[in-house]
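Position one of the sequence shown corresponds to residue 1 (the numbering used here), numbered consecutively onward.
Simulated from the structure, these hints should not be mistaken for lab results. Fair warning: this is a prediction, and the values are worked out from it, not measured in the lab. By construction, the Cβ of each residue, glycine as well, lies at the ideal position given by its N, Cα and C atoms. Keep in mind that the hints are not guaranteed to be accurate.
[What the hints assert, rightly or not] Label pairs and their calculated CB-CB ranges:
id : residue 1 : residue 2 : range
1  : Trp89     : Asn114    : 35 to 45 Å
2  : Arg26     : Leu91     : 20 to 30 Å
3  : Trp71     : Gly30     : 22 to 32 Å
4  : Val51     : Val23     : 14 to 24 Å
5  : Thr58     : Leu91     : 36 to 46 Å
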Amino acid sequence: MPTLKDALMLSGDLFLPKSVRTVLERYWVGNDKSLVYITNWSLIHLLSGVVTGWVLLTYFPKYDYYWSGFWFHTVWEVWQIVVSNTPWWTLRGRIDVVTDTVMFMLGMYLLKTNSILLRN
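Start from the sequences and build out the full structure, keeping to the hints where you can.
Printed below as a string of structure tokens:
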């Protein structure tokens, strides 16, 4: 039976099966030795920025759009560090957090600047 610690560790990958994680870990730019890299996970961050941006604009229009999204994503990245899915103690891990955040914020920016996506 999985322990609470096991469940917390798996929560960082949203309980994804290994086959899905393998697809998400495919590199577009760089490789497993590169400091800066783009994987399918980066695209997930971009898409989650679009979805979060839509939710913020639709249901929380009084909140500051970019700061709210930034803090929402920061909480997620901190959680990744807490459950040891992001090796924060390495330069590569720190760059990964920054890259993920940039991709997330780019998704939010693309949503807001492409108003056709926001029309009813």
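(request) Return holds or violated for the Cβ distance of Thr58 and Leu91 against the range 36 to 46 Å. (result) Distance hint for Thr58, Leu91 holds at roughly 38 Å.
(message) Holds or violated: the 35 to 45 Å window for the beta-carbon distance between Trp89 and Asn114?
(response) holds, 38 Å
(message) Verify the CB-CB distance for Trp71 and Gly30 against the hinted window 22 to 32 Å.
(response) holds, 28 Å
(message) Between the beta carbons of Arg26 and Leu91, is the distance compatible with 20 to 30 Å?
(response) Hint holds: Cβ distance 22 Å, inside 20 to 30 Å.
(request) Using the Cβ atoms, figure out if Val51 sits within 14 to 24 Å of Val23. (result) 19 Å Cβ-Cβ, so the 14 to 24 Å window holds.
In summary, this structure violates none of the numbered hints.
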